[in-house]
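K.L.:
What follows is the residue order along each chain.
2 protein chains.
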Amino acid sequence: MTIELGNERRKAVVLVSGGLDSATVLALAREEGFDCYAISFLYGQRHVAELNAARRIARELGAREHREFPIDLGAFGGSALTDHTIDVPTERSDEIPITYVPARNTVFLSLALGWAEVLAARDLFIGANAVDYSGYPDCRPAFIEAFETLANVATAMGVEGERVGVHAPLIHWTKAEIIERGIDLGVDYAMTVSCYQADEEGRACGVCDSCVIRREGFETAGVPDPTRYR
Amino acid sequence: MTIELGNERRKAVVLVSGGLDSATVLALAREEGFDCYAISFLYGQRHVAELNAARRIARELGAREHREFPIDLGAFGGSALTDHTIDVPTERSDEIPITYVPARNTVFLSLALGWAEVLAARDLFIGANAVDYSGYPDCRPAFIEAFETLANVATAMGVEGERVGVHAPLIHWTKAEIIERGIDLGVDYAMTVSCYQADEEGRACGVCDSCVIRREGFETAGVPDPTRYR
Chain V
0 MTIELGNERR
10 KAVVLVSGGL
20 DSATVLALAR
30 EEGFDCYAIS
40 FLYGQRHVAE
50 LNAARRIARE
60 LGAREHREFP
70 IDLGAFGGSA
80 LTDHTIDVPT
90 ERSDEIPITY
100 VPARNTVFLS
110 LALGWAEVLA
120 ARDLFIGANA
130 VDYSGYPDCR
140 PAFIEAFETL
150 ANVATAMGVE
160 GERVGVHAPL
170 IHWTKAEIIE
180 RGIDLGVDYA
190 MTVSCYQADE
200 EGRACGVCDS
210 CVIRREGFET
220 AGVPDPTRYR
Chain A
0 MTIELGNERR
10 KAVVLVSGGL
20 DSATVLALAR
30 EEGFDCYAIS
40 FLYGQRHVAE
50 LNAARRIARE
60 LGAREHREFP
70 IDLGAFGGSA
80 LTDHTIDVPT
90 ERSDEIPITY
100 VPARNTVFLS
110 LALGWAEVLA
120 ARDLFIGANA
130 VDYSGYPDCR
140 PAFIEAFETL
150 ANVATAMGVE
160 GERVGVHAPL
170 IHWTKAEIIE
180 RGIDLGVDYA
190 MTVSCYQADE
200 EGRACGVCDS
210 CVIRREGFET
220 AGVPDPTRYR
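One line per chain: the protein sequences are V and A, in this order. Heads up: the first sequence begins at 0 in this note's numbering, then just goes up one per residue. Heads up: the second sequence begins at 0 in this note's numbering, then just goes up one per residue.
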């Protein structure tokens, strides 16, 4: 990937949730030489602890700037992550989980695209993963490709011939592969929070989908699990 | 278009800004038999008067529900519509205007899509127009088509085989044609506000791009201009 633009480093907007995947993506984008602009969303989720984690990740992994954007997806309801009357499930199933937030990644990438256009950044990075989150429509390669196509017709920079790239480098990786790559890049996963119902100090429940997938990832990678459980 | 679903009327989410175009689109969607769910965005724009207009339009044109969604696009800057340090231009040019808000329609349609998914509405309506707003990348047919493709891979309903439709019925119409159709449908354009810098009572400046295009539309249609100028 060519990332030099004259003497300037190319800018990238990186979605940083505070979880394990997006921390790894930020480290990858920086490794590729991008000047990284991190963005996190306050979207009415249960796991506000993730946002404290996102701040620390952005700082520790060298983001040039970190924006926290409030967006009340909970106003629409329909998900266990934003509607506190729906329980977070502790069993995995083959159907689209109730933790799916309608159009979440579409909304997040759209906002990231708006900021990218103002920054003159032509690259977006997202930690979407189709292996562990196969039930989420907006974590699949077809979604990323469709969004990239959209980004190139939706923006002034796209219309003016700048190619906008939407990168989901983890999309085909297992959780163990993500962890192994992150460890190589020096990511301290103790600062990340993945739990759907972490407490205010970021301590994990250990039983939700996200906790189970994360713990299995550390086991498979043969890396001690740094997660603080409550 | 088939809009019956058993004995239920099909639901549509309609973007309503308070302007002339989206009021016409709401009337069109209702005419086609949809149960309309109107959504307006508070996005840090100068023309807050449009939102008062949107409320009235949603009520008068029979929307089943009207949501006002706050979304601070002004946080990113880069547009005369959200950055009050940039003047609204009074001359038209062939370039992308400074009133263009980066990724605006992408963000708005994404949020509308999230609500649609929760409502089980498979149709979105937007008043995008490629004739009068040819300088805006996200008012072109290629944008609408790319968003429709995205909507069908981004959502649970799309993945489960429900076809999501993104409709921009005005996209190839002139302003005069829009006005003529709206008048046929009984739209009272006195309640709409198009001006980029309307005052708090919704009175128009008469000199911005949007005012000029609107006034020419009424002239060409041979309809008395009901706009209140200050």
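Derived by calculation from the structure, the hints in this document are not laboratory data. Just so you know, these numbers come straight off a predicted model, no measurement behind them. Keep in mind that the hints are not guaranteed to be accurate.
Note that the list lumps identical chains together, so a pair holds whenever it fits in one copy or between two copies.
Unchecked claim - SDA-like, lysine to any residue: derived pairs with alpha carbons at most 25 Å apart:
{"hint": "1", "residue 1": "Lys10", "residue 2": "Thr219"}
{"hint": "2", "residue 1": "Lys10", "residue 2": "Ala220"}
{"hint": "3", "residue 1": "Lys10", "residue 2": "Arg214"}
{"hint": "4", "residue 1": "Lys10", "residue 2": "Glu147"}
{"hint": "5", "residue 1": "Lys10", "residue 2": "Asp224"}
{"hint": "6", "residue 1": "Lys10", "residue 2": "Val211"}
{"hint": "7", "residue 1": "Lys10", "residue 2": "Ala74"}
{"hint": "8", "residue 1": "Lys10", "residue 2": "Ala48"}
{"hint": "9", "residue 1": "Lys10", "residue 2": "Glu199"}
{"hint": "10", "residue 1": "Lys10", "residue 2": "Val47"}
{"hint": "11", "residue 1": "Lys10", "residue 2": "Glu218"}
{"hint": "12", "residue 1": "Lys10", "residue 2": "Gly221"}
{"hint": "13", "residue 1": "Lys10", "residue 2": "Tyr228"}
{"hint": "14", "residue 1": "Lys10", "residue 2": "Val130"}
{"hint": "15", "residue 1": "Lys10", "residue 2": "Gly73"}
{"hint": "16", "residue 1": "Lys10", "residue 2": "Thr148"}
{"hint": "17", "residue 1": "Lys10", "residue 2": "Cys210"}
{"hint": "18", "residue 1": "Lys10", "residue 2": "Ala175"}
{"hint": "19", "residue 1": "Lys10", "residue 2": "Arg229"}
K.L.:
If a hint holds in the structure, say so; if it doesn't, say that too.
P.N.:
We went through each hint and held it up to the structure:
no.: 1; hint: Lys10 / Thr219; in the structure: neither (34 Å within a copy, 47 Å between copies)
no.: 2; hint: Lys10 / Ala220; in the structure: neither (32 Å within a copy, 48 Å between copies)
no.: 3; hint: Lys10 / Arg214; in the structure: neither (33 Å within a copy, 42 Å between copies)
no.: 4; hint: Lys10 / Glu147; in the structure: within (17 Å within a copy, 29 Å between copies)
no.: 5; hint: Lys10 / Asp224; in the structure: neither (33 Å within a copy, 47 Å between copies)
no.: 6; hint: Lys10 / Val211; in the structure: neither (35 Å within a copy, 38 Å between copies)
no.: 7; hint: Lys10 / Ala74; in the structure: between (33 Å within a copy, 18 Å between copies)
no.: 8; hint: Lys10 / Ala48; in the structure: neither (28 Å within a copy, 37 Å between copies)
no.: 9; hint: Lys10 / Glu199; in the structure: neither (33 Å within a copy, 39 Å between copies)
no.: 10; hint: Lys10 / Val47; in the structure: neither (28 Å within a copy, 33 Å between copies)
no.: 11; hint: Lys10 / Glu218; in the structure: neither (35 Å within a copy, 47 Å between copies)
no.: 12; hint: Lys10 / Gly221; in the structure: neither (34 Å within a copy, 51 Å between copies)
no.: 13; hint: Lys10 / Tyr228; in the structure: neither (36 Å within a copy, 44 Å between copies)
no.: 14; hint: Lys10 / Val130; in the structure: neither (28 Å within a copy, 34 Å between copies)
no.: 15; hint: Lys10 / Gly73; in the structure: between (31 Å within a copy, 21 Å between copies)
no.: 16; hint: Lys10 / Thr148; in the structure: within (20 Å within a copy, 28 Å between copies)
no.: 17; hint: Lys10 / Cys210; in the structure: neither (32 Å within a copy, 37 Å between copies)
no.: 18; hint: Lys10 / Ala175; in the structure: neither (29 Å within a copy, 43 Å between copies)
no.: 19; hint: Lys10 / Arg229; in the structure: neither (39 Å within a copy, 44 Å between copies)
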